[in-house]
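Enquirer: Top line first, the protein sequences correspond to chains C and Z.
According to numbering that gives the first Met the number 0, the first sequence holds residues 0 to 472 in order.
According to numbering that gives the first Met the number 0, the second sequence holds residues 0 to 162 in order.
Incorrect hints may have been included.
Said to hold, decoys possible - Distance condition first, Cα-Cα at most 30 Å in a straight line; then the derived DSS-like pairs of lysine-lysine:
hint	chain 1	residue 1	chain 2	residue 2
1	Z	K115	Z	K130
2	Z	K103	C	K378
3	Z	K8	C	K370
4	Z	K86	C	K124
5	Z	K8	C	K280
6	C	K116	Z	K86
7	Z	K26	C	K378
8	Z	K142	C	K370
9	C	K286	Z	K130
10	C	K280	Z	K26
11	Z	K112	C	K280
12	Z	K38	C	K286
13	Z	K130	C	K150
14	Z	K86	C	K150
15	C	K280	Z	K38
16	C	K370	Z	K130
Please keep in mind that the hints were generated in silico from the structure rather than gathered at the bench.
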Amino acid sequence: MKSIISIDIGSTWTKGGLFVLIDSDLQLSKKFAVPTTQDNLVRGFAEVLASLLEKEKLTPLEQMVGKAEVYFSSSAKGGLRIAAIGLVPDLTLQLAKLAAMSAGGKVVRSFSFSLTKSDIAELEKLQPDIVLFSGGTDGGNIKYLLENAYKLEDARLAAPVVYAGNRAVAEEVVEIMKSKEVIVTENLMPEVGQVNIEPAREKIREIFLKRIVNGRGLSEIVELFNTQPKPTPLAVFELVSAIPKFNSDWSDLAAIDIGGATTDFYSNTESFLETDTVVLKGIREPKVKRTVEGDLGMRVSARSLLDTGRIYFEERLKNMDLNLEKMKEFVEKISANTGYLPKNEQEIELDRILAEACVYYSALRHAGGWKETYTPQGKVYVQTGKDLRRVKAVVGSGGFLAAELCGETMRRPLEKLKNFGDEKKLLPENPVFYRDKNYLFPLLGNLVGKYPKEATTLALASLEIISDEGMKK
Amino acid sequence: MEDKTRREKDTIILGVIGSDCHSVGNKILELFFTAEGFKVVNLGVMVSQQEFVNAAIESNAKAILISSLYGHGEIDCQGFRDLCLEKGLDPIILYAGGNLVVGKTPFAVVETKFKKMGFDRVFPPDVDLKKVAEILRQDIKEKFGLDSQKTKPDKYIQTKENL
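So that you can see chain Z by itself, here it is in the shape it has in the complex (with noise of 0.2 Å):
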């Protein structure tokens, strides 16, 4: 069916990063927000932070959502947002929830270090689904605006003119 709208749903990726294996929450969570209106690309389980990245660029994802339940999510997700620069994804949302760390590091420690990692929200495990998403789209309205498609008309011209 062709989709007349104009307007095309946000795409966002998830996945579970390094060698974590759960596929319960993963799977809850690509549905949720297909439900929610996001466009999901799921990436699955023992995801790599390329494989994240390469998924982002050919699907033109305005967010990574990264799971991470087994407890080395800090080593996993060390340099994520200096490869997104790298590949050029600057504008990218980045979000990590889990099990972040192993043992019991209050919530705000760990949010402090993933937000130092250059994550731009942080989630415990037991965070309410319908808030995360809220925010997502707030966060996407702020930094794309309405027009899902914003970056086309600046790159467009900008393409022009590098030639």
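Next comes chain C alone, as it looks inside the complex (with noise of 0.2 Å):
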């Protein structure tokens, strides 16, 4: 037998799982979470800690070690915050943003061609934890990279640079930015239209167990339990990655995490199937994406996810007794005290639309799109973007859809999206829904490296399937 420890640093929350392991078999055995205590990341760590070992609150850190295997990820202050750079907007721009959001960051702000003046003055008062640069495929654009790369050097960032652009310049762009660190990986686009966006994000990955590490001051946990964190999106992005390599029949899912200030979007399953009615347009997203919303979020991003969703909140609250005006105030209320919990029927509808809102939006920018065009040959479906369509399971994770016990609020947007303008959105056809109900997704996607197994068929026994019946519990 064996105890194992995941604990996540979360922006609000610091929530710990002491896992016990008996042969192959993965089991939950306690939870416990306290608020993240900001000024010093370390401290509710050690207090969660405490509470899963059963020792006294105040009990140092060095005194738990080697009473479990400890692993943990953390999206504390921010998060990992990555400024995007890319040539066209369409191609390098939008590799760029994929990498970066599939390394686990946030992508705080992104541009192409040309970097101005404003957008130095931008990244500077931004200052992002790591840039992506990348643009041109290899051989081809340089006039864009080493103009920027000039621009940078001269821009007064702290972050290091990860370079992954056209490699013919690769050297050029380095010794240009003498006076920053940077770091040249694979171009993320090699050819026009060929997708290459793992070596980035290996290196994203490495550069947060560098440096955000430290910055955090969370060297003191990794020192002591001799363990590498991660940061929280990419635990889920790994999980949702191994489910379906350990577990055949859940080949096609996604899985939406709608926290207090972002939602994230996850989707693992093949991104184009290619057909004679069906072009492809743009670049062929990877098998397993993740993408994540800074404007939509339950509270910290209340106000945002308000002016996004207006047009949602609109038609959905017509036909009730509520309108936008009820909506307002209550964005009010909750912006003003994030910590605040629904306290009558009407705010926690209030609250569940707000959640519709958060998973319409993240699904409209997640999911791709069929537009019909004729042809002398025929009706022709021109496709962008990623096809959700064949994604049998949904799973909805993060604080408020891991408690929902109503399919409705996944369901509803998701139909309504189905026909967005001219386009017809690619959707999961027939989904069924769960809720990861003891939210775990993040605590075993810290374990899915070592225990991939283990971890991800506890994810999948921890999921329970909600139904539109739901809300009248």
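Put the two chains together into one complex, using the hints given.
Expert: Here it is as structure tokens:
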């Protein structure tokens, strides 16, 4: 028997689980959470660890070493903030954003073509954790890359720069950017349309370990427990990647994680099914994909959600005794107090509609679409983005969806989205909705590297099917 | 394998424009121009103007070769040169070929039309491809010189000064 502890230092809560491994059977034995201690992340971590190990609350970290295997992830202090630079918006910039998000990062700002003075000023103000710098195919464009390299060199930026552009000028870029730490990796798009985001993802992960961990004051944990943290979204990404590998029935799945500040959408399914009547335009997206939306969230981002989601809210509230004014009041209330929990029927309903909008807009941006075109050869569909039609299971995770018993919250917005303007959105056709009932996805994501089969099996065992009936409970 | 020679292949963009799905000729062109020593970026069928331009920017292409078989080429190609200029692809070479217009318009008329639209060369459906490759090499040499990375030193200096 082995005791394994996994802790996630989130932006608002530090949550942990004690797991017991007997042979190849992994079970959850205890969970505990405290508010994240913003001034010193280690304090909250220690408190959770102490509780899981049944020690005194203020037990020093050193005294807890060796009692269990410890794994952890962190998305505290803004998570992993990445600025993405590409050349053409639909090609290398799109890939830069995908690579950043799949590495567990949050794209704080993205830039295409030449960086302007105000772009540089904005970068200096944002001070991202990492700058992902791409553009050009191998042997392709160099003009914009060299120009931007000079501009970045002169910018007051502390962040390391991951260079994943045209390899023909990689050395030159390093030379130009003498005062910056430049890490060169393979081109995100070596040929037009060819996707190669793994090497850049790997470099971002390495930088997270080397630099970000120190910056967030987490190195003490790393040294004492001999464990490497992950950005929280990367933990979930790895879990979603691993599930079908060890559980063949789960070949096509998606997960939605609505948090206070962001909404994450993960999918694991082939992005394009080649047929005579469908033509793919733009890049062929990766099989496992994560997108994260910084303007969609239940609390910290509630105000921006209200702006983004205005159309959804207006339509949704039309036939109810609620209206946009009531929603605004509610959003003001929860923005002022982000720990607020709904107190009455009406607030519960408003909270649920906020979640629906998060699902709606995150799916809109994650999923691809078809447009009908008539050609002399007949009707043809032009596909852009990723096809999610074959997704059989949609899992709700994150504080809100993990506790949500009503399948409608995910089903309604996805149904509504199927036709968006003149585009048919390629959403899951007939999915079963689940909730991650113990909110274990991030915690198990931390274990998936070492215990892939055990962690994915437990992740699936802790899913619960939710139906539209749930609302009546 | 690392290519040790400094001289790199010239990149050209191929594609069938508009709502045109004719894919066979497009595949032949890809094979042919690759064999002729060009680096071919083939965008396939149903390619929009913006896609041609995007691919040309990323890959630093020297020429865009547009095919159209279904007779709507004229409408599909309108404004293509303007878009290239807007996007900073000033020196790019533009070719168009195929059944560019509907009906029995004499080729000379078609050619004038497309040249007016800013295409450097226009080819009928029955053109000898060997000849096209030869002309293309000549045109590239004229516009860009022998060094395929010719734009590099100028832009480089320009960039430094601009900053």
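Enquirer: For each hint, tell me whether it holds in the structure or not.
Expert: We went through each hint and held it up to the structure:
1. K115(Z) with K130(Z): 23 Å, holds
2. K103(Z) with K378(C): Since the Cα atoms of K103(Z) and K378(C) sit roughly 27 Å apart, the hinted pair holds (cutoff 30 Å).
3. K8(Z) with K370(C): 36 Å, violated
4. K86(Z) with K124(C): 29 Å, holds
5. K8(Z) with K280(C): Holds: K8(Z) and K280(C) sit about 26 Å apart, inside 30 Å.
6. K116(C) with K86(Z): Between K116(C) and K86(Z) the Cα gap is close to 20 Å, so the pair holds against 30 Å.
7. K26(Z) with K378(C): Roughly 22 Å separates the two Cα atoms, so the pair holds.
8. K142(Z) with K370(C): Violated, at roughly 39 Å.
9. K286(C) with K130(Z): Given that 30 Å is the threshold and the Cα spacing comes to 43 Å, the pair is violated.
10. K280(C) with K26(Z): 17 Å, holds
11. K112(Z) with K280(C): 29 Å, holds
12. K38(Z) with K286(C): Roughly 28 Å separates the two Cα atoms, so the pair holds.
13. K130(Z) with K150(C): 45 Å, violated
14. K86(Z) with K150(C): The hint holds at about 21 Å.
15. K280(C) with K38(Z): 21 Å, holds
16. K370(C) with K130(Z): Roughly 39 Å between the alpha carbons, so the hint for K370(C) and K130(Z) is violated.
The structure does not agree with the numbered hints 3, 8, 9, 13, 16 stated previously, though it agrees with the rest.
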